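What follows is each chain in one-letter form.
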Amino acid sequence: MSAHAAITGAHVTAVGARPGTTALGLHYEAASGAVADAGLTLDDVDGVLCAYSLAEPHPMLASAFCEHAGLRPAFSAGIHAGGASAATMVVQAAALVRSGQCRHVLVVTGDNRATGMSRDRAIAALAEFGHPEFERPFGLAIYAAYALVARRYMHEYGVRSEDLAALAVVHRRHAGRHPKAHMREPITVDDVLASRVIASPLHLLDCCLVSDGAAAVLVSAAEAAVDCAKHPISVLGAGQGHTHEHIVAAPSLTEFGCRDSAARAFARAGVGPGDVDVAAIYDSFTITLLVELESMGFFAKGEAGPAAAAGALDLGGRLPCNTHGGLLSFGHSGAAGGMFHVVEAVAQLRGEAEARQVPGAEVAFVHGDGGILSAHCSMVLARR
Amino acid sequence: MTTRPLPPITPDSRPFWDGCAHGELRVQRCRACAGLQLPPRARCRACGADTFDWATLPPRGVVYSFTIVHRAPTPAFRDDVPYVLALVEVAPGARLMLNVVDCEASAMGIGAPVDIGFEPREADGATAFLPVARLSPATDPPDARPAAR
Ligand SMILES: [Zn+2]
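Same order as they appear, the protein sequences are chains A and B.
For reference, each letter of the first sequence is one residue, going 1 to 384 in this note's numbering.
For reference, each letter of the second sequence is one residue, going 1 to 149 in this note's numbering.
It is worth saying that the hints were derived from the structure and are not from the lab.
Everything numeric in this text was worked out from a predicted model, so none of it was measured.
Each hint can be trusted.
Just the calculated beta-carbon pair ranges, DEER-fashion:
no.	chain 1	residue 1	chain 2	residue 2	range
1	B	9	A	351	53 to 63 Å
2	A	43	B	124	48 to 58 Å
3	B	14	A	100	46 to 56 Å
4	B	51	A	227	49 to 59 Å
5	B	109	A	185	29 to 39 Å
We put the beta carbon where it would ideally sit given N, CA and C, even for glycine.
Take the sequences, apply the hints, and build the full model.
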């Protein structure tokens, strides 16, 4: 039996516009689904990790969730790492069960950003990521920060808007195969290029969605995982990389912590990029994914766009990537956005991905990015 | 109509903003290696030392990257769109985020030299001087640039 911590339960709620929901209610829905998926009940949970809600900010979200769900766990805490929160929490949950502090850690994320806050408030909340003195007075928004990365990256490596658009097109194609995806209508490269410019060179369809939704996983100790209903998915190895918080202070606009985080995760897992059967990599913007793919050993600089256009990220391609549709098309619900990637990787490794299934998938790579390519967390998951 | 925000100046950053009010570009300088950095922080990004003074630089820089923002981040910027937001390198590795004003979008490019000025902004009865960039006149056309520059 493997000594690795294992993901034993996983659940994603319906995503999209879900009027009448609350952030805590969405958390509860995802949590209930994840423990039921493991064949357990909430009373089996002895550890809880939560991240944050933009629509319903709580200073202690994990405690608020436990109160809401009637849990009195032996361990509970919140983790704030932006889009890297989900992967980071899974890694921390694995550490909690491997160290014997917990048997079953519930990792739960969710937000009702689409209907729980006005469009203006949602966008303004994203502006809060900017440096209060050296960025926000000049009108920075998170999409503008990624646009600055995109412009520099395109300049250095000859990447074109068509290359970024090719990534958006693949994601929508994947989402069309997922019954819960927020946006499933196919799009073309021309559609992306014709969508309005948000911050040049990024168009509307280069940007992630804003969705209500939630997702949760249960991470169990190896000896506790054998009692669960589904085949356990091992957390084989993980790593992080950090270079900055604000884009004005980033040491580079083309090299980020994802390179180190992936290298560390692969080294600890004892596998390499070529061993990955299916990937779930953070795609808040098309440029986000392109930079990551070209930093983490999957594609050479400038290669990811043309490869995506030629089918490399599709089912049957060299690296089936974000088969649920990603943040670009499946949905993005704050910290749950990164958890959607985790849940999809678990579905693939269990062989439960239905029309999206990568046949025989045994090794998955999951990656989260928080801030402006600021905080990175990579994981290798495996069916073993 | 809300007004665009003023920088919430801190003791760490006050020399920079005082410089702006005096028409000077001041940059945090490491006492150990003379490395320059912005925004100011506790340790030198080059050598790790933690004692600094402030250097006054010529108010010029080079566009490291830029974007033309079409969707305002908050209602306060709604009247300004589209506007140019640029990362401007004022010394190797030391960057400022600035608006490039009075320019055609088509004239923007990575590597373009800019001149930095300082202009007042009022909000809630307070005033601060903020740096603002304009493309250097010498850049257009490039061959008209004085040879000595
Ligand atoms: Zn130094």
